[in-house]
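> Each chain, letter by letter, is given below.
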Amino acid sequence: MLLIGVIAFGSIWLALTGQLVLYIHPRYLVFTVIMAVVALAFVVARVLISGRRPAHVHAEPGHDDDDDHADDHSHNEDDDDDDDLAQRPVQRALSIGALALSAALALGAVLLPPATLSAATAAQRDITQTTVNTDAASVEDAAGADAATFARYTVVEWSSLLAQTDDPSFFAGKVADVVGFVTPDPGAPDDVFYVSRFTITCCAVDAQPIGIPVYLPDWQQQVSADDWVEVVGEFGANRSATSSAVIALSPTEVSRVDQPSEPYLY
Amino acid sequence: MTDTRLRGLETRPLRGRSSTRGPRRWWVIAGIALLAAIALARVLSPVPGGLLPDRLQDGITLAISVLVESMPFVVLGIVFSILVRVWMPEAWLVRVLPRNPWLRRMVISLIGMFLPVCECGNVPLARGLMVRGLTVAESMTFLFAAPIINPITIITTHQAFGFDDGILVARLGGGFLIANLLGWVFSRHPQPDQLLTARFAAECRLPAHDESGSRLDRSIRLFGRESAALLPALFVGSMAAALVQTAVPRDVLVTLGSDPVWSIVAMIGLAFVISVCSNVDAFFILPFASTFLPGSIVTFLLFGAMLDIKMIALLRTTFTTRTLVQLGAIIVLASAAIGWGVNLVA
Chain Y
916 MLLIGVIAFG SIWLALTGQL VLYIHPRYLV FTVIMAVVAL AFVVARVLIS
966 GRRPAHVHAE PGHDDDDDHA DDHSHNEDDD DDDDLAQRPV QRALSIGALA
1016 LSAALALGAV LLPPATLSAA TAAQRDITQT TVNTDAASVE DAAGADAATF
1066 ARYTVVEWSS LLAQTDDPSF FAGKVADVVG FVTPDPGAPD DVFYVSRFTI
1116 TCCAVDAQPI GIPVYLPDWQ QQVSADDWVE VVGEFGANRS ATSSAVIALS
1166 PTEVSRVDQP SEPYLY
Chain C
19 MTDTRLRGLE TRPLRGRSST RGPRRWWVIA GIALLAAIAL ARVLSPVPGG
69 LLPDRLQDGI TLAISVLVES MPFVVLGIVF SILVRVWMPE AWLVRVLPRN
119 PWLRRMVISL IGMFLPVCEC GNVPLARGLM VRGLTVAESM TFLFAAPIIN
169 PITIITTHQA FGFDDGILVA RLGGGFLIAN LLGWVFSRHP QPDQLLTARF
219 AAECRLPAHD ESGSRLDRSI RLFGRESAAL LPALFVGSMA AALVQTAVPR
269 DVLVTLGSDP VWSIVAMIGL AFVISVCSNV DAFFILPFAS TFLPGSIVTF
319 LLFGAMLDIK MIALLRTTFT TRTLVQLGAI IVLASAAIGW GVNLVA
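Chains as they are written, first to last, in my numbering: chain Y, 916 to 1181; chain C, 19 to 364.
The set of hints was computed from the structure by calculation and includes no laboratory data.
Owing to the predicted nature of the structure, the values given are computational and were not obtained by experimental measurement.
For every residue, glycine included, the Cβ atom is placed at its ideal position computed from N, Cα and C.
Be a bit skeptical, because a hint or two may be false.
Footprint (simulated), chain C over chain Y, 3 or more residues, beta carbon under 8 Å [said to hold, decoys possible]:
#, region
1, 926-937
2, 1085-1099
Here are some, though not all, of the chain C residues that point toward chain Y, as calculated from beta-carbon distances under 8 Å [claimed, not checked]:
#, residue
3, N198
4, I238
5, L261
6, S293
7, F301
8, T338
9, A354
10, A355
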């Protein structure tokens, strides 16, 4: 009861502070908030009626206000749940452990500040372009687009184009201006980093990192992994021999920025 | 959590007395007050970020994200379950369904069309249906068909894949087949009660009229009981899913991609780990469609809708471990077989 109260309360609070998008896709915001309100209403109602006695005492012998369903029906059994569990100490230990863990996570959820996923998770989820959704921008559309369109392109569109073609002539003369966090290239960690973002279809669990390779030898002197940066530059053949990326951005400008209020892209 | 502590303190002879009720209620209120105080403290003096190592912080973020994403579906499921158990006329459902067991299970596997809840919300609903007179096997049929054969899943799958490679058709047909297969297999069990945990079997044996109080009172109390039974499982499931995700590199699974057999195994692994709701998993898997064979995508969409880490934890509230192992084996084999078939055709 308390658990669902915490989660419902937490969801509403996160929604009010605009931080719920750190966990789920915006299209579920309304649904989540409505259901959280429903849950809270039930929790409050449950606390309110717990002082009242039920009409037929025999059905629930003075024990109506507890959360454990097995206890509510103990009159129907020779024994109720407590004995059932006492016979199996392992199970008892497990259920207490489960409750302790739940309590810890609930506390963690309330105590810790909400955070975005970090570059550690991005690196571990294969940032190379094998799993990019190529619907975001097509080569045909981009071929005739103007500079204003390219200026609007985010990491999503560029990585989509990079996944479709690695022909340097296609990228020649196109200027990218993107914001993302820094993830080192696993193949060439000293010369190349990815300006990366997570894309989300449902919630942070399915977050898939995408990124654009940036060729900048000794980039660690300017920025470090996990920093949010804005990178401006032109695409060209990747000059790093060990990186798996064929095309990379040659930055004219790399500046540190604050984390955007909606860190995930959709 | 106050519950366990209290149960530890409370001795049996005290049980019948109304005096136990007061303290318990105060525990809940104290808990809420404590949380409010913590929340207030957090607002007034925010804890600085970067307190925890990245991996741990990411693990917590993932766990909370699974929780926040599933919570509304579980609440919706509990609300539907309350409607079925408290507000639906008694025996109406049992009367209205066809008598022939095969036909009956087929109709039951379509109930999801009217109650669009994803798989985690289906657990409380299936519990409600069992209490309301469906057999264990019949509610299993519902439990595993409804996440796939429901309007939201059909729409999202169609949006993601259209009719390409028969993915949508294979998902719907496959879900229907597997659910009915499960229903048939478990309907042959001589003592279906043994499939259930002792706790839940006790709840099923309780005659409905024995519940006291007005319908509203009963609804509220039922909400308390169901959420107390399911929420700890949901918490544990979320944490397990987050833990596995931060520990197992995802590219291990993705690189298995294009082999007709291994890609199916990889997809089952991915679906099990990822624990995304069936209503949205089609969008999640769409970017993988270029690397994986269509049959493997079908396997992901079938298996992932029925079982994953979070679901195992939720189902354990209702079914015994032995039942879950049997269920899991059938679902793995059947969804892999269907996926393999689609791979051969496509």
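> Each of the hints needs a verdict: does it hold here or not?
Against the structure, the hints:
1. 926-937: Holds, because 5 residues of the region 926-937 of chain Y bring their Cβ atoms closer than 8 Å to Cβ atoms of chain C.
2. 1085-1099: violated (count 0)
3. N198: Nearest chain Y Cβ about 28 Å off; hint violated.
4. I238: Nearest chain Y Cβ about 5 Å off; hint holds.
5. L261: With a minimum Cβ separation of about 11 Å from chain Y (threshold 8 Å), the hint on C:L261 is violated.
6. S293: 6 Å, holds
7. F301: 4 Å, holds
8. T338: With a closest approach of 11 Å, the C:T338 hint is violated.
9. A354: The hint is violated - C:A354 has no Cβ within 8 Å of chain Y, the shortest such distance being about 22 Å.
10. A355: Violated. Min distance 26 Å.
Consistency with the previously given hints fails for numbers 2, 3, 5, 8, 9, 10, ordered from lowest to highest.
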